[in-house]
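In case you want the letters, here they are:
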Amino acid sequence: MGGCDVVTFINFMIENQREITNNLFRHIELVGISVFVGIIISIPLGILLSRHKKLAGVVLAVTGTIQTIPGLVMLGFALIFLGIGMLPALVVLSLYAILPILRNTYTGITEVDPSYTEAARGIGMTNMQMLFKVELPLALSSIIGGIRISTVYIVSWATLAGMIGAGGFGDPIWTGLATYNTGLILSGAIPSAILALILSGLIGLLQRILTPRGLKGVRV
Amino acid sequence: MNMFSLTLEHMYIVFIAVAIAVVLGVFLGVIAYWIRYLDSIILWITEIIQTIPSLALLALLMIVFGLGNTTIIVGLVLYALMPIARNTYIGLQDVEPHLKDAARGMGMTKLQRLVKVELPLSFPLIFSGIKIATVNSLSVAVMGVLIGAGGLGFPVYRGIQTNSLTLILSGAIPVVLMALIFDYIMSRIERRLTLRASDGRK
Amino acid sequence: MIKFENVSKKYGSTPVLDELSFEIQQGEFVVLIGPSGCGKTTTLKTINRLIEPNAGKIYIDGKDITDMNPVELRRGIGYVIQQIGLFPNMTVEQNIAVVPKLLKYPKDKWQAIVHDLLEMVDMPYEENAHKYPSELSGGQQQRIGVLRALAASPPIILMDEPFGALDPITRDTLQDEVRRLQKKLKKTIVFVTHDMDEALKMADTIVFMNEGKILQMASPEEMLHNPAHPIISGFMGKQIDSRSNGLTAGDVMRTRVVKAARNNQTLKSIELMKSRDVDTLIVINEDDTYAGIVTIGDLRARGRGGMEIGELITDAAPVVNVADDAQEAFDALLTSSTSYVIVLNDDNTVAGLITKTSMTRAMGEVLWGDVTS
Numbered sequence: 001m002g003g004c005d006v007v008t009f010i011n012f013m014i015e016n017q018r019e020i021t022n023n024l025f026r027h028i029e030l031v032g033i034s035v036f037v038g039i040i041i042s043i044p045l046g047i048l049l050s051r052h053k054k055l056a057g058v059v060l061a062v063t064g065t066i067q068t069i070p071g072l073v074m075l076g077f078a079l080i081f082l083g084i085g086m087l088p089a090l091v092v093l094s095l096y097a098i099l100p101i102l103r104n105t106y107t108g109i110t111e112v113d114p115s116y117t118e119a120a121r122g123i124g125m126t127n128m129q130m131l132f133k134v135e136l137p138l139a140l141s142s143i144i145g146g147i148r149i150s151t152v153y154i155v156s157w158a159t160l161a162g163m164i165g166a167g168g169f170g171d172p173i174w175t176g177l178a179t180y181n182t183g184l185i186l187s188g189a190i191p192s193a194i195l196a197l198i199l200s201g202l203i204g205l206l207q208r209i210l211t212p213r214g215l216k217g218v219r220v
Numbered sequence: 221m222n223m224f225s226l227t228l229e230h231m232y233i234v235f236i237a238v239a240i241a242v243v244l245g246v247f248l249g250v251i252a253y254w255i256r257y258l259d260s261i262i263l264w265i266t267e268i269i270q271t272i273p274s275l276a277l278l279a280l281l282m283i284v285f286g287l288g289n290t291t292i293i294v295g296l297v298l299y300a301l302m303p304i305a306r307n308t309y310i311g312l313q314d315v316e317p318h319l320k321d322a323a324r325g326m327g328m329t330k331l332q333r334l335v336k337v338e339l340p341l342s343f344p345l346i347f348s349g350i351k352i353a354t355v356n357s358l359s360v361a362v363m364g365v366l367i368g369a370g371g372l373g374f375p376v377y378r379g380i381q382t383n384s385l386t387l388i389l390s391g392a393i394p395v396v397l398m399a400l401i402f403d404y405i406m407s408r409i410e411r412r413l414t415l416r417a418s419d420g421r422k
Numbered sequence: 423m424i425k426f427e428n429v430s431k432k433y434g435s436t437p438v439l440d441e442l443s444f445e446i447q448q449g450e451f452v453v454l455i456g457p458s459g460c461g462k463t464t465t466l467k468t469i470n471r472l473i474e475p476n477a478g479k480i481y482i483d484g485k486d487i488t489d490m491n492p493v494e495l496r497r498g499i500g501y502v503i504q505q506i507g508l509f510p511n512m513t514v515e516q517n518i519a520v521v522p523k524l525l526k527y528p529k530d531k532w533q534a535i536v537h538d539l540l541e542m543v544d545m546p547y548e549e550n551a552h553k554y555p556s557e558l559s560g561g562q563q564q565r566i567g568v569l570r571a572l573a574a575s576p577p578i579i580l581m582d583e584p585f586g587a588l589d590p591i592t593r594d595t596l597q598d599e600v601r602r603l604q605k606k607l608k609k610t611i612v613f614v615t616h617d618m619d620e621a622l623k624m625a626d627t628i629v630f631m632n633e634g635k636i637l638q639m640a641s642p643e644e645m646l647h648n649p650a651h652p653i654i655s656g657f658m659g660k661q662i663d664s665r666s667n668g669l670t671a672g673d674v675m676r677t678r679v680v681k682a683a684r685n686n687q688t689l690k691s692i693e694l695m696k697s698r699d700v701d702t703l704i705v706i707n708e709d710d711t712y713a714g715i716v717t718i719g720d721l722r723a724r725g726r727g728g729m730e731i732g733e734l735i736t737d738a739a740p741v742v743n744v745a746d747d748a749q750e751a752f753d754a755l756l757t758s759s760t761s762y763v764i765v766l767n768d769d770n771t772v773a774g775l776i777t778k779t780s781m782t783r784a785m786g787e788v789l790w791g792d793v794t795s
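First to last, the sequence lines map onto chains Y, C and W. 1 is the number of the first residue of the first sequence in the working numbering; add one for each residue after it. 221 is the number of the first residue of the second sequence in the working numbering; add one for each residue after it. 423 is the number of the first residue of the third sequence in the working numbering; add one for each residue after it.
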């Protein structure tokens with residue numbers, strides 16, 4: 001991209017400022033809702049699975065297989081069974097958000113050293129107290145790591161969801177691809193990449209802040 | 221539409237991409253290992269590439285490389301770099317110090333140590349990176365159809381355009397099957413490698 | 423206080439506890455000992471219901487513990503384990519206050535408890551309360567582990583090989599501290615160990631177990647005088663041999679010591695001392711012979727980064743030969759400024775270390791009489 005193109009691009013961005021802002025809000029909306037749904041489903045499910053190890057193998061294998069289904073295919077299914085628009089997109093995106101958080105919640109809890117859980121039981125914590133005072137705090141860093149991976153995935157899948165009319169930064173990319181309009185492609189691709197990097201960085205920061213001082217640099 | 225030749229083309233695209241990514245990724249991993257102040261920069265850049273949404277990356281690449289298989293191969297290589305480079309770097313770092321010392325004590329040069337001792341001992345972890353990259357690439361390669369590449373993305377996209385579940389499935393099922401089969405086989409190889417090399421690692 | 427009545431436990435068809443019946447008095451320090459797999463840890467864990475027996479009853483103060491809510495039962499019983507199990511996400515203060523908080527003590531009350539307890543083990547509140555476990559040495563961590571068990575002042579404390587992972591010098595200090603705390607606070611302590619020295623040192627009563635049964639339950643003196651079973655005499659073999667005639671330095675020393683090669687770097691050595699919670703390293707030459715000692719004070723005062731500790735060693739500690747008369751070692755110990763004597767083999771390698779505790783223990787055994795084989 002030469003210097004001239006950069007100027008053209010910036011001009012394009014300025015001209016289409018309104019459009020891009022709308023796309024940004026819609027993109028954040030898609031990511032926010034589906035990651036939220038992912039969290040709501042995954043964390044309790046992960047806790048449950050950590051109490052039922054046999055079930056965990058099956059559930060993680062199934063969600064792992066779902067994860068290998070290409071995004072385009074999933075959106076194709078959504079299109080055929082649910083139609084176009086934001087809701088079908090959210091269903092697919094939420095489904096994708098589940099696995100990383102689920103897996104990290106499960107491994108985070110099951111990898112808590114047994115000496116801590118034995119001590120917790122031995123001093124008279126109930127199962128709930130053990131979960132909230134010991135296991136979840138020790139697994140927190142891993143869980144947030146899972147949320148970070150999910151978020152990055154979902155920012156990416158959400159651009160794909162432009163295909164079924166979900167809006168967001170996928171919209172101009174898809175139109176741009178269909179019409180070979182470089183400006184349109186860039187106005188979706190660049191902001192979506194920046195959004196992914198910013199969200200990833202912010203969650204990474206949150207992960208570091210929320211890790212208790214006593215755990216930094218220590219394997220649990 | 222010949223499903224068999226599409227499947228072959230899909231595999232061909234993925235294999236070329238992974239092969240290039242292995243060479244580049246291992247190279248980057250070694251550089252990060254050898255030149256300490258470059259390690260965080262190299263790992264950081266590969267992670268940033270990984271973070272860019274795939275559709276955005278492919279669209280950007282299309283602007284530079286045009287339509288066709290080359291563009292999707294470049295995209296897949298970029299995505300595959302992170303797991304391979306990172307695992308190479310970690311693998312090299314985790315080789316037991318006394319084995320590195322022994323190699324140095326025997327008068328091996330830096331390059332000899334790398335080729336004869338350090339890389340072989342890191343191989344299980346590098347292989348695990350290659351596995352992740354392969355399985356991932358099989359799935360991402362479906363998007364090649366959007367930038368004019370061949371492979372199993374073609375029936376999927378055609379199915380979406382014509383609202384045909386059969387067409388979508390005819391592309392999707394081979395992709396998912398391949399991903400599961402490669403994951404299974406490569407996991408088994410990985411386990412055997414890890415068992416064999418376990419005495420040389422921390 | 424604690425009463426076992428025909429308590430049995432099986433895993434599959436293997437019996438772990440076999441019709442166990444015994445009683446522990448209030449304020450008694452009872453040590454459960456025996457070969458591994460004898461059921462001592464299982465016995466301990468049935469008391470706070472971490473393990474439920476298949477048959478038999480356990481009473482605490484006359485109440486059947488199966489009638490009690492296990493969670494409430496455990497809150498009334500202190501518990502210390504070998505892996506320490508301090509919660510790494512909580513500070514020292516939060517760890518100690520865990521049970522008082524579970525019991526909903528008001529803040530000023532549990533804070534006062536934390537202050538008092540830290541005071542009791544000479545770890546000042548201001549310096550230590552806000553540290554995390556990872557910032558403490560192993561010995562300090564287990565001190566906090568013991569304090570956590572004491573925090574809600576439970577009448578009973580269970581300790582499962584609490585000092586098994588600590589180095590000998592630290593273990594010695596902690597044994598003394600726990601014994602002192604027990605005398606002062608009049609707790610009933612049930613303590614599991616596989617170390618007969620520890621049992622003899624700590625116990626009011628030793629319960630010797632084998633294959634899920636009690637072979638002998640007696641005071642340390644009684645067990646030394648009249649071991650009821652060959653397995654018990656075998657366990658105490660070392661003590662009996664050493665009393666055959668005149669004691670040598672080798673009989674009164676401890677053999678596990680922290681050694682370091684003289685080409686160790688100063689910084690690494692300070693790390694080593696911290697991790698083992700000792701203030702002195704025994705330095706050895708390449709051929710394993712004794713070179714001297716180096717103290718943390720020497721390292722801090724004169725050590726620089728990159729320097730080898732060989733340059734800092736002193737010969738401040740008295741040295742005796744392993745075959746020397748114990749009396750000689752005793753005199754050296756009393757007159758020396760250090761609190762230990764180095765014991766060397768004939769080839770000048772380090773055989774062990776005599777501390778006041780190891781000496782006292784050996785002498786105590788002599789006084790308890792002429793148990794000869």
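Warning: the hint list may mix true and false statements.
[What the hints assert, rightly or not] Computed footprint of chain W on chain Y, listed as stretches where at least three residues anywhere in the stretch have a Cβ under 8 Å from a Cβ of chain W: (1) 130–138; (2) 206–215.
[Unchecked claim] Okay, derived cross-link-like pairs now, DSSO-like style, lysine-lysine, Cα gap no bigger than 30 Å in a straight line: (3) C:K320 with W:K485; (4) W:K485 with W:K690; (5) W:K690 with Y:K53.
Treat the hints as calculated values from the structure; they're not laboratory data. This one's a predicted model, so the numbers in the text were calculated from it and none came from an experiment. Ideal Cβ placement from N, Cα and C applies to all residues, glycine included.
We went through each hint and held it up to the structure:
no. : hint               : verdict
1   : 130–138            : holds (count 4)
2   : 206–215            : holds (count 4)
3   : C:K320 with W:K485 : violated (63 Å)
4   : W:K485 with W:K690 : violated (54 Å)
5   : W:K690 with Y:K53  : violated (42 Å)
Consistency with the previously given hints fails for numbers 3, 4 and 5, ordered from lowest to highest.
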